[in-house]
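With the sequences and hints as input, model every part of the structure.
One letter stands for each residue in the lines below.
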Amino acid sequence: MIGRRKRQIIKTISLYLVNTLLGLLFLIPLLWMIASSFKPEQNIFRDMSSISAFIPTDFTLDNYRQAFERVPLLKYIANSIIYISITLMMSLTFNSLCAYALAKFKFRGKQFVLSLIIALMVFPFESIVVPLFIIITKMNLLDTRWALILPFTARCFSIFLFRQFFLDVPDELLEAAAIDGSNRLHSFFAVVLPISGPVFATVFILDFVMHWSDFIWPLIVLIEDSKRTVQIGIQAFFTDPPIYYGPIMAALTIVVIPMIVLFLIFQKYYVQGISTTGLKG
Amino acid sequence: MKNAISLKRNCFDIVPYLFIAPALLVLASFIILPVIMAVRYSFYNFNMLRPDRISLIGVENYKNIITDDLFLTAIGNTFRYAFILVPIEVVVAFGLALLVNNSIRGISIYRIAYFSPMLTSMTVVSILWTFIYNPTPGQGLLNSFLANIGLAPCPFLRSADTALNSIVAMSVWQSAGNYMMIFLAGLQGVSTELYEAADIDGAGWWRKMRSITIPSLHNVFVFIVLMTTIAAMKMFTQSFVMTQGGPDNSTMTIVYYVYQQGLQFRNIGYASAASVIFFFIVLLLSTAIKKFVDSER
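Protein sequences appear in the order of chains A and B.
Just so we're aligned, residue 1 is where the first sequence starts under the numbering used here, counting upward by one.
Just so we're aligned, residue 1001 is where the second sequence starts under the numbering used here, counting upward by one.
Be aware that one or more of the hints could be misleading.
[Claimed, not checked] When the alpha-carbon atoms are kept at most 30 Å apart in a straight line, the in silico DSBU-like pairs for lysine-lysine are as follows:
| no. | chain 1 | residue 1 | chain 2 | residue 2 |
| --- | --- | --- | --- | --- |
| 1 | A | Lys110 | B | Lys1291 |
| 2 | A | Lys11 | B | Lys1208 |
| 3 | A | Lys6 | B | Lys1208 |
| 4 | A | Lys268 | A | Lys104 |
| 5 | B | Lys1290 | A | Lys110 |
| 6 | B | Lys1290 | B | Lys1208 |
| 7 | B | Lys1290 | B | Lys1234 |
| 8 | A | Lys268 | B | Lys1234 |
| 9 | B | Lys1290 | A | Lys227 |
| 10 | B | Lys1291 | A | Lys138 |
| 11 | B | Lys1208 | A | Lys138 |
[As the list claims (entries may be wrong)] Derived coverage of chain B by chain A (criterion: at least 3 residues anywhere in the stretch with Cβ under 8 Å from a Cβ of chain A; other residues may be distant):
| no. | segment |
| --- | --- |
| 12 | 1051-1059 |
| 13 | 1062-1071 |
| 14 | 1091-1105 |
| 15 | 1168-1179 |
| 16 | 1182-1194 |
| 17 | 1235-1244 |
| 18 | 1268-1280 |
[Claimed, not checked] One-sided and incomplete, this derived list gives chain B residues near chain A with beta-carbon spacing under 7 Å:
| no. | residue |
| --- | --- |
| 19 | Ile1014 |
| 20 | Val1015 |
| 21 | Val1026 |
| 22 | Phe1030 |
| 23 | Pro1034 |
| 24 | Pro1087 |
| 25 | Val1124 |
| 26 | Gly1138 |
| 27 | Leu1141 |
| 28 | Ser1144 |
| 29 | Leu1146 |
| 30 | Val1255 |
Treat the hints as calculated values from the structure; they're not laboratory data.
Quick reminder that beta carbons are idealized off the backbone N, C-alpha and C, glycines included.
Here it is, written out as C-alpha cells:
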C-alpha cells in the first residue's frame, strides 16, 4: 500500500516536471515576443543569449508608440472586427436556419443537400481562390468590405455543428409551440434560439478565431492601405523597412491580445467546438 | 393536431426551402460556381492583363503545367512538407494529450500553454519565427541559444537545405496544441472500466496503451491524420511571409504557385488548371488515407 502511494507521488511529481519544462518550451517564443516589445532595441540583441531575453530590462513603452506612429494598428483592428462582425451576423443566421431545416423538417431533396454539405466540408478553399477573385471582380466588389464578407456568409462546417445540436432538441417542445399557433420561423426564434446559446457560442468563437487569422483571401482582394485587416497590416509593416524588432514585436503583441481575451471568455465553447470536430468526424 | 400535420404534408411545403435558401445560395455562388469556372477556365488561354486574347486551347494549359519545372518543384516540396509534418505533428499532439490527460492541480494551465500558439495567427507566428530563425550573428534567438550550448549556427530559412524543415518545426509548434485538444477529448471518452480490468490483470503502461488506448482512439487518429495532411497540402502563409518561396524555390508550394500564376501574373487559365490539379491531389490523398485505414481494420 505504501509502495503504491509512493509511486503515485513520484508519478505526480514527474508529470509536473515534464509539463513545466515542455510548457515553458512552448511559451518561450511568445515570452520573448512580449518581453522584447517592452525593451529598447539594443537590449533585445544584448539580452539574446541570456535569460534576460525573457525579461523586459529597462522597461519602456517606446516600441508601442513607434508602432502606432508608423502603422494605423487600431484602424486595422477595427477593420477586422467590423468585417468579422458583419460576416458572423449573416453566417450565424444563414447557417443556423439551414441546419435547423436539415435537422427538423421533412422535405424532398433533404438527403441530397445533406450529402452536398458534407462533401463541401473538406473542400480546399485555396483551390477556388482564382475563379472567386474573378467573381468578386465582376461583381465590382474588389477592394471593398463585401469581398471579405459575402463568400463566407455560409459555411458547411458550421451548418454541420448547428445540425448536430438541433437534432437533440426534443420534438415535443416544437409541437407545443405549433399548438400555440406560431409559425415555424417564429417558433425557431421563440423556442429554439433561447436554448441554443452554447452552439451559437461555439460556432461564433471558432469562426471568429478563423477569420481573425484569415490571410490569403484579404491579401488577394484588398488593395488600399486603409482597408487592410490586421494580418495584412502587420505583414505589410513587417516588410516595410527600416525593420526594427521592438516596434514589430509590439505590433504582434497587440494583434494577439484580442484573441487571448476572446479565448479566455469563450474557452469552454472553443474547446467543446474543436473536441466535437474529432469525435463526430 | 394530427390532422393539421397530415394536411400540411399533402400540399407542397415551401417553408423548409426558405430556411435553407440563403445558405445554399451562398454556397452555390461562392463554392460551386467557382469550381465550375475553374474547370472551364483551365481549358482557356485567359490572361486578365490581355482580356482581348481569350481563346479555347483544350488541354494546352495542363500540358504546359506538367512540364513546368517550377510546378513539379512545388508539388515535390508540398509532399515533402506533408510527409515530414504529419507524423511529427500527430506524435507530438498525442504525446501532449497523454501528458495533460489527468487531474493534477493546475493542469488546465499546462493545457492552455500548449494550446496558446494556436491563438496567435499563422501570420504573427511566421513573423515572430523569422526573427527567431534570423541567422545573422547576434540577431537570432535560436542561433544565440545554439551558441550558448556550444553548437554550430544553422542558416535556417536562408538555406535551401534547411528552410522547409524550419517551417515544419514552427508549424508543429503552432498547431500541435489544437490537435492535442481533440486527442484529449478522445482520451477522456475511453471507458475507465477497460483500464480497471487491465489493472486487475496486471497490465503495464505500454500494454494498456497498445491494447486499449490506441485502438479506442482509432477514429480520432484517422481524423487527425486527414486534417493535418489537408492542412499541410494547403501551406501558403508561412512561405509567403517567411521566405517568399525561396531560397532556390525550396519553399515554393502548390498554393503559392497558384497564387503567383493567378493573382500576381493574372494568368487565370493557367492558374485554374493548377487549381484543378491541386484539388484532385487533395481529393485523391484523402480517399487514399481513408481506403488505407479501412483495409487495416
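Comparing the hints with the structure gives:
1. A threshold of 30 Å between alpha carbons decides the hint, and for Lys110 (chain A) with Lys1291 (chain B) the separation of about 27 Å falls inside it, so the pair holds.
2. Distance hint between Lys11 (chain A) and Lys1208 (chain B) is fulfilled; the C-alpha atoms sit about 17 Å from each other, no more than 30 Å.
3. Under the criterion of a C-alpha separation no larger than 30 Å, the hint pairing Lys6 (chain A) with Lys1208 (chain B) is consistent with the structure, at around 21 Å.
4. For a cut-off of 30 Å, the pair hint linking Lys268 (chain A) to Lys104 (chain A) stands: about 27 Å separates their Cα positions.
5. Between Lys1290 (chain B) and Lys110 (chain A) the alpha-carbon distance is near 26 Å, which keeps this suggested pair within the 30 Å criterion.
6. For a cut-off of 30 Å, the pair hint linking Lys1290 (chain B) to Lys1208 (chain B) stands: about 26 Å separates their Cα positions.
7. A distance of roughly 19 Å separates the Cα atoms of Lys1290 (chain B) and Lys1234 (chain B); the hinted pair therefore holds under the 30 Å criterion.
8. Using a Cα cut-off of 30 Å, the hinted pair Lys268 (chain A) and Lys1234 (chain B) holds, with the two alpha carbons roughly 29 Å apart.
9. Taken as a hint, the Lys1290 (chain B) and Lys227 (chain A) pair is broken in the structure, with Cα atoms around 42 Å apart against an allowance of 30 Å.
10. For the suggested pair Lys1291 (chain B) and Lys138 (chain A), the alpha carbons sit about 41 Å apart, so the restraint of at most 30 Å is broken.
11. Taking the CA atoms of Lys1208 (chain B) and Lys138 (chain A), the gap is about 60 Å. The hint is violated against a cut of 30 Å.
12. Look at the segment 1051-1059 of chain B against chain A: 0 of its residues bring a Cβ nearer than 8 Å to a Cβ of that chain, fewer than three, so the hint is violated.
13. Against chain A, the segment 1062-1071 of chain B contributes 0 residues with a C-beta closer than 8 Å to a partner C-beta. That does not satisfy the three-residue criterion, and the hint is violated.
14. Coverage of the segment 1091-1105 of chain B by chain A holds. Counting CB-CB distances below 8 Å, 5 residues qualify, and the rule asks for three or more.
15. With a threshold of 8 Å between beta carbons, the proposed coverage of the segment 1168-1179 of chain B by chain A holds, since 3 of its residues qualify and at least three are required.
16. Under the rule that three or more residues need a Cβ within less than 8 Å of chain A, the assignment of the segment 1182-1194 of chain B holds, with 6 such residues.
17. Given as covered by chain A, the segment 1235-1244 of chain B passes the check, having 4 residues with a CB less than 8 Å from a CB of that chain where 3 are the minimum.
18. Judged by the Cβ-Cβ criterion of 8 Å, the segment 1268-1280 of chain B is covered by chain A as claimed, because 7 of its residues qualify and three suffice.
19. Taking 7 Å as the C-beta contact cut-off toward chain A, the hint placing Ile1014 (chain B) at the interface is violated, the least distance being around 9 Å.
20. Restraint check, Val1015 (chain B) versus chain A: the minimum CB separation of about 6 Å is within 7 Å; hint holds.
21. Taken as an interface hint, Val1026 (chain B) checks out: its beta carbon lies about 4 Å from the nearest beta carbon of chain A, inside 7 Å.
22. Interface hint at Phe1030 (chain B): satisfied, since its Cβ lies 4 Å from the closest Cβ of chain A, which is below the 7 Å cut-off.
23. Contact between Pro1034 (chain B) and chain A, as hinted, is supported at the beta carbon level, the nearest pair being about 4 Å apart and thus within 7 Å.
24. About 18 Å separates the beta-carbon of Pro1087 (chain B) from the nearest beta-carbon of chain A, more than 7 Å, and the hint is not met.
25. The interface hint given for Val1124 (chain B) is met, as the beta carbon of that residue sits about 5 Å from the closest beta carbon of chain A, less than 7 Å.
26. Of the supplied interface hints, the one on Gly1138 (chain B) holds, with its beta-carbon coming within about 6 Å of a beta-carbon of chain A, less than 7 Å.
27. Below 7 Å, beta-carbon pairs count as interface contacts, and Leu1141 (chain B) has one with chain A at about 6 Å; its hint therefore holds.
28. The interface hint given for Ser1144 (chain B) holds, since its Cβ lies 4 Å from the closest Cβ of chain A, which is under the 7 Å cut-off.
29. Residue-level restraint check for Leu1146 (chain B) is violated (minimum Cβ-Cβ distance to chain A is 10 Å; threshold 7 Å).
30. Interface restraint check for Val1255 (chain B): the shortest CB-CB distance to chain A comes to about 5 Å, inside 7 Å, so the restraint holds.
Figure legend: structure checked against the earlier numbered hints; hints not met, in rising order: 9, 10, 11, 12, 13, 19, 24 and 29.
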